[in-house]
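*Asks:* Those protein sequence lines, which keep their order, are chains X and F.
For the first sequence, full-length UniProt numbering begins at 1 and goes up steadily by one.
For the second sequence, full-length UniProt numbering begins at 1 and goes up steadily by one.
A couple of the hints might just be wrong.
Derived lysine-lysine pairs resembling DSBU-like cross-links, with alpha carbons at most 35 Å apart [claimed, not checked]:
{"id": "1", "chain 1": "X", "residue 1": "K139", "chain 2": "F", "residue 2": "K591"}
{"id": "2", "chain 1": "F", "residue 1": "K457", "chain 2": "F", "residue 2": "K668"}
{"id": "3", "chain 1": "X", "residue 1": "K139", "chain 2": "F", "residue 2": "K613"}
{"id": "4", "chain 1": "F", "residue 1": "K550", "chain 2": "X", "residue 2": "K12"}
{"id": "5", "chain 1": "F", "residue 1": "K591", "chain 2": "X", "residue 2": "K43"}
{"id": "6", "chain 1": "F", "residue 1": "K613", "chain 2": "X", "residue 2": "K136"}
{"id": "7", "chain 1": "F", "residue 1": "K475", "chain 2": "X", "residue 2": "K139"}
{"id": "8", "chain 1": "X", "residue 1": "K43", "chain 2": "F", "residue 2": "K457"}
{"id": "9", "chain 1": "X", "residue 1": "K40", "chain 2": "F", "residue 2": "K506"}
{"id": "10", "chain 1": "F", "residue 1": "K125", "chain 2": "X", "residue 2": "K40"}
{"id": "11", "chain 1": "X", "residue 1": "K136", "chain 2": "F", "residue 2": "K566"}
{"id": "12", "chain 1": "F", "residue 1": "K616", "chain 2": "X", "residue 2": "K40"}
Source of the hints: derived by calculation from the structure; they are not laboratory data.
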Amino acid sequence: MAELKVIVFQLKDEEYAIPVQQVRSIEKIQHITRVPRVPKYVKGVINLRGVVTPIIDLRMRFGLEEAAFSDHTRVIIVALDDMEVGLIVDAANDVVDISTDAIEPPPEVVDATTADYINGVVKIGKRLFILLNLEKVLKTEKG
Amino acid sequence: MDMSQYLEVFIDESKEHLQTINEQLLELEKNPDDVSIVNEIFRSAHTLKGMSATMGFEDLANLTHQMENVLDAIRNGKIAVTPELLDVIFRAVDDLEAMVVSISEGGDGKRDVTEVVAQLKQIEKGEAVVAQKSTPTYEQTYDEFEYTILKQSAEQGFHSYEVTIKLRSDCLLKAARVFMIFEVIEQIGEVIKSVPTVEMLEAEQFDDQFVVTVVTKVSQDELQKRIMKVSEVEEVNVQSVDLHRPVAQENAQEKPVEQKEELKTVEQVVEKKQEGQEEKTASKQVSNKTIRVNIERLDILMNLFEELVIDRGRLEQISRELNNPELHETVERMSRISGDLQNIILNMRMVPVETVFNRFPRMVRQLARDLGKKINLEIIGAETELDRTVIDEIGDPLVHLLRNAIDHGIETPDVRRAKGKLEEGTVKLKAYHSGNHVFIEIEDDGAGISREKVLKKAISKGIISEQNAANLTDKQVYELIFASGFSTADKVSDISGRGVGLDVVKSTIESLGGSVSIDSEEGVGSVFSIQLPLTLSIISVMLVEIQNEKYAIPLSSIIETAIVKKEDILHAHNQKVIDFRGKVVPLLFLKDIFEVPVIKEEDDFLSVVIVRKGEKMAGLVVDSFIGQQEVVLKSLGNYLTSVFAISGATILGDGQVALIIDCNALIK
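Isolated chain F (complex conformation) (with noise of 0.2 Å):
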């Protein structure tokens, strides 16, 4: 069977479920008595169980099955929880991972996995007797897991029926009425096991009977009623299962010792089989109602609407001219559909940056380990969204300096305790929406930066000389720390610091058109603040004349425009200032700043666009304001990259290109 078509479905599920468990698995060591954490865990293994041995993964397959094996015993109360044991469980999942990846870049998904797979044995015998997958033969045994299911659904008024299903002989689609069959019961009930497997049923490697296993609240009658609508199926056998019965034979002694812990157990366990139920149907929902689609898709999209934005700009600069009431009308309302269709695809390209964060917890927690650190990662506003180019791109540099800080900030529990902090080391990351800008910040409440190590080791690395150094101020100094070739750390790990890193750090984040700022105090701690554009697209800006030059100002940073009377102007240290609603404001004279070539005379009115960055302002003195406009948002291209104070251009109606101004560089 053709399985290629869900392949990328397989992946991306596989994904999803090792993130579960992964995530559940951090919750799991904070709460290692919680058996429906285990649960969760096991059900995600268990899906990924079935799904890569159908897609025909064996080795992944094998491994989550030992994984499964070594969960089943937790639950079971068998084996404690242990830092040592969930060590040995993270480096499966991390197998599994690098298989998964390895699939997903067209490899074969295989990897030797045989050193795993014997811990994970030595675990699962090492503290008690656990229970042996039964052996497979084709009579009706369940493992304790669905055994388990099958008491559970008991409870809840469900019944458990054995259904031995006999199609024609002459039957020629037999996975096709298989196939049906399932969907039948699937309507009604649930299908817990079948023998043979689906897998083998589905590509009919059976005579022409087979049983399966089904939980539903519908009678034996009925069951049977509705099986045999199905056509070409020659006889149903409903039996209702025995739960007293042994599990397996090898638990057979066990049991009853086992039995009261399990009673204990069942109550919590049914709850979370009912909530697993909800969730069910309500994933069901949900995906009735998405469709993964391929992010090319979007991006040729988002391109073809870019080109539909600059005539439309065109469109209304046409239509102004021409004053026609018709072409007026029909003009604006096209604007408004684009407007909303545009909103729409910004939408869809919106991802939480939970996506990217929700890998860190992991990752903080295994360094922490092999540092001998005590480390508290709290994130803050995951939920908050950013450009799907943008999340592709964070998620390395958030990772270097998350392990920055880690490494070189969070000092050891006895360095921390002779401090008098706290052992355990708190590293914040934290997302939020400010302006068309999203902020995120990085902060530790370790050693902090020292002015004095950092300067040393700039000079002796040659960035700086001696002179320079006594005069930069403490951020400038910090800001060394980004410069190539240099590394604070007197012991060199492998963890951070072999002295690349913080300087592509920077380099990236600049290239998303963004910016990396830090603060510090020694034996405080340091934040990490990245500042990033929220989307690299569509924006709306204001277009103004400098002398006869069009520059383009991004709304967001807008508070308003204002023309002021030339002899309103205020002095103040060497600066013009106005005073704008009780505030002093300086004025930034753009045609300075940007050496426009004069052409016009001045004006006895200033026209002024305030603007701000955080709680300080500016007002940047123009000639005249054209109006408001949305506009796709295009780079300066490769080779010119850092232009002071312009964060990109744009293409207006008349084909022209204007700059984009950048209000956060001109405001200090």
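Isolated chain X (complex conformation) (with noise of 0.2 Å):
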């Protein structure tokens, strides 16, 4: 039974989580240099001690409404092929180990937008995770 350590974190009133291996750091939220013209939801580039990284808020990625900035806000940088980029995310709550036979399919009823970013659904006594797919939420979309 192969065991999968992930990173869980917040979003509006959910749980994702990502697996670790595809997390370089988890930041906190510093000076946003705007960059123009580029899809809403990418929200500029950060100084990533040296390295420009831009950044993505995830729920505008998602499609749901924007939040000011708090505390708990962190970026995490996530690493997939050769890209590096930081997901704005509400709140990183904490590490997991999940058994890969515990992941489900993603259940119908998560409404079109999401589903295609998910990988599937891990129930862990009361608390429900969502696999986030790293490959969709970071292809740029043509056009």
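Two chains, two separate frames, one set of hints: put the complex together.
*Replies:* In structure tokens, the structure reads:
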């Protein structure tokens, strides 16, 4: 039975999970330089220890309403292939181990916009984690 | 003996020699009668043979040896230079290259070369009786090459001696003694041959005696004395070489016949030899001054320096704020020194595009022959320098564009004749600097791009719709060639036109921060123009403020800055323009283009940065100028690949990111 270590973060009322292998670091919000004429959910770029890193507002990416940054707001720096991107989330909550057997396909009730970005769901006790499909999240739409 | 430490040098030098051979072979094809070229090739081949034998790459040595024989025959006028013959030699060089590549990739450098070797042998035998290499005996015999050297040396007033050296039987480090003796000899002359071979001597595969043939200007006595000074040498016996004795027995009969011819060429050869010696001393001097540095180390140095530049910016800012004269002075000094340092580091990484271009003549020749076309490749501006990182990437796209020009551009000779053009097509490869960019153009005088053909194809491939097609400008039509899944050749050849490629060319160039454009006239030819950044790392910029955002404009595209009164703005065709030194310059309001959130009220005065792209100018309207600064160019990462009018980003002294404006994209 394979174990999967995931980082759990909060977005609106739900908890999402990303495998730790895909996470580089978790940062506090810092000055973001806006980049013109890019999709709205791309907030801009930050200076991450000398590396210019693009930042995505995950709320907007999922079509949720924008929220003001709070003390809990975090930027999760994820790496996929040769891309490094920061995801703005409401809070980073936890690191948990889940077994891959416990992953269920996404329930059909999840609304269409977000369903695309989901690999599956995991239920542990009373908590429900939504496993994020990073590839889909980071795929830039053409046009 | 462990050779691994020499391997890198061996690979580099082999590549250089192969390059020389390639270039000279092409030259030879143009001037088949020029013996000096053959000599040049021979020299490189000979060195290569020696090096590879020493390193233990026997296949490499064997093939070079065989090639050398053929070259030797050419040099002695026994074989005429024909394109077919050159084809075989080129193939041999290809094999050699493949072997060197294999070695550099950690392989054993082995390759099946029997076919080429057989062909070379055939050539060697086919036309004339060629000198067989003398069988190695422990007697001092000379092959023709060595014999020629000895003869030439004699004519230049050098003495040739056979020196028999005997080491003391209790000598412990024989190889070391040999090395010392060779060094002594090389101070006063040159070793032409040694028996046993140098490699065997170095491996201590001899008893205690060996014979070397030396050309030198010093007398017999002096040579002997000098060698005797090396300790543990028991006996030195110097004899002058009898130059009149036949070379190798097989040649004995043909020698008289050949003699005349050889005499004729001797003058030429002697000249060459002198040149060669000068070259040698020159290259020795150069090699004293240069060292090979692993590019990785330079990259690390560059990265560290970039960090330093960021801190320098920060320091400058702090010093301005504190307003302490002493601090000010120190910081200024430091800035100056680090500026010099920066120039040096950047220059170290600059490489002439020649390193990429020099493999093209060979490729073009081969392609032209394969396709039955006549093509003259003109290379202009090969000395133009580009950053190493750009050079490494630009080779493949250029190969592709060249192939494209030759395969699709240049017509076959009969078609060209029918069109009233010269049978021989011309492909121009041109590189030049402009601003902080390097342009590389590939121009052919071939068929040009047919708008109809391209459109037909694009529509049939579903790249565009028929309605859209009619509205496209010629330029936009040409752009379609870069769409993926596009190929215009009626006939798919294996040279280009598999539909993969041109789109890759475009994306590669764009990933380097460059761009590619096409200009074409049907029936007259096409020009593919590539624009590349000079360096990918540090640039001078002007920092400007637009509302609350900071942007950087590369100094290289700025002509000057100006403050313009609002009422001086004129209108022309719905476009705001200003009169700038008698020229009408369109104004671009960056806050609109970049959709900057408006916070401040507009002034009565506009701050304008006048920028240019080639002949065209534009005025970028900003809110205020902050100042000039050296910044480290950083990419926006792989996620944000093509942001309009932004070429990258940089980190300012306060740690914030500022975007760098790409003026070329703003000026249409």
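*Asks:* Decide, hint by hint, whether the structure agrees.
*Replies:* Verification of the hints:
no.	hint	verdict
1	X:K139 to F:K591	holds (29 Å)
2	F:K457 to F:K668	holds (28 Å)
3	X:K139 to F:K613	holds (33 Å)
4	F:K550 to X:K12	holds (33 Å)
5	F:K591 to X:K43	holds (17 Å)
6	F:K613 to X:K136	violated (39 Å)
7	F:K475 to X:K139	holds (30 Å)
8	X:K43 to F:K457	violated (40 Å)
9	X:K40 to F:K506	holds (27 Å)
10	F:K125 to X:K40	violated (75 Å)
11	X:K136 to F:K566	violated (48 Å)
12	F:K616 to X:K40	holds (33 Å)
Hints 6, 8, 10 and 11 from the earlier list are contradicted by this structure; the remaining hints agree with it.
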